[in-house]
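Chemist: Residues per chain, in single letters:
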Amino acid sequence: MLMIIKKPTIGLIALILAVLVWGTATFAEEPPRPWDLSLRFFTGYDSNVPLVPKSTDFQGRRATWTLGAGAEGSYKFVQEKQWELGTGGSFVQTWNNNNLSSFDLTSFAPRLFGTYFFQMGTLPGQVGMAYDFRHDLLGGNEFENSHTLSWDVTVLPTPRLSTGLYYHLAFEDFLNEGANAPLTSRDAVNHAVGANATYSFGYNKPSIGLNYQFSHNNADGQNFTFDSHAVSVRFITPVIRPVKLVLEAGYSSQDYTRFTPQPVRTQDNQNYGATLLFPLTRHLSADVGYKFARYIGSQTQFSAERHIVTVGLTYDFR
Amino acid sequence: MTKKLLLVGACIMAMVPASGFSITILDTGRPAVDAEYAAHCVEFRAPGSAAASSARAAATKAQQDETAGNLNAAMADADTAFQAAATVAGCAPVWYKPLLDGTYHQDIFGTQGPKPRPSGPSS
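These protein sequences, in sequence, are chains F and A.
Residue numbering for the first sequence follows our numbering, starting at -15 and increasing by one per position.
Residue numbering for the second sequence follows our numbering, starting at 13 and increasing by one per position.
Worth flagging that the hints you see were computed from the coordinates, not collected in a lab.
Even glycine gets a Cβ: it sits at the ideal position worked out from N, Cα and C.
Any given hint could turn out to be false.
Beyond 12 angstroms from chain F on every Cβ pair, some chain A residues (computed) [unchecked claim]:
(1) 76
(2) 79
(3) 80
If the Cβ cut is set under 8 angstroms, some of the chain A residues that face chain F in the computed set are [stated by the list, open to error]:
(4) 34
(5) 45
(6) 57
(7) 78
(8) 108
Work out the full structure, taking the sequences as your base and the hints as a guide.
Modeler: Now the structure itself:
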């Protein structure tokens, strides 16, 4: 003790070590680690990156091999038992070959979020609010900025069933407003309401999730004002431990209610996907996926198909 | 100088949270690790609760079963920990974390794309 008093530096180190030991002893009530981070590298094939319509005399290139890298993470600067506040975001960069570098995507998407956790009787739930900003560039040129406010509420009626409702309010701002802004501007205020549910049959067993969303896109250009109904389903099942298969399907119906000239444009869009997830270590996982999208427009210039194959490697700082 | 470096190092260590666990509970197929995430979350959100005891006991057993090579039992233990976690607000397991990809936020279809195309009806 005398030595510690005489040597303040040693005393401070001893104090810090004591705090660390105490922290380990009370590990259970320590706040969880406040940050999450994952890095991802992927490559793949996209059969129609410019989304060229089927009925066209377009002679340019449309298929590409893509290379991509990204990171996403979050930091919770307040992490209490019943609520948390944090910031986070993601960054993605893709590179296309075959002279399609004008479609190379650079995307910055920072966010702020807050969540409040509550018990409704015996049922656990949470309400969340978030602000998301997104800045997209294509081929190094600014393409779009968006600001999205979102509110959501989730309740678990049973430990295996999660149900939720949400509302998103997005402000979209595109650099290019087209040749005739009152008709062709895509700048918009987008309202989306939705409901979702996920049921899991247990740990390392299948789970199924459903989502329905209605959205109204109030665009400055009347050709991009639309109402949309969308449903999607996701089924996840173990295949051979620890490999998992993710099957996804989605359908959306869009009515472009102020489209000019008549007749009014409608879209029936479908997408399907299958992805195999391979956990390699506690931190590292690989994935191989295939997605197919079919766009069926009431006018042939809005009908297209797209096949995407992706192989990826993700590192999670768990 | 050495003492100062030691002091700085100790201070940095003190600032790093003792726990390496974040709060996201994922079914990664590694039962002992996943059950530990679940137990840790419940112990933080609802310390001293029946759910916390249940999740901790299940996590401990998952570790023992996994070490003994009994993977089926370890997965059943992880399921018990997950179910306990799902009764506590803020500890619901996340069944799927979407993969980052390079798709556009807005569907560029029907918009003439980001740049005019060389030819075609929509350019």
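Chemist: If you test the structure against every hint from before, which numbers come out violated?
Modeler: 7
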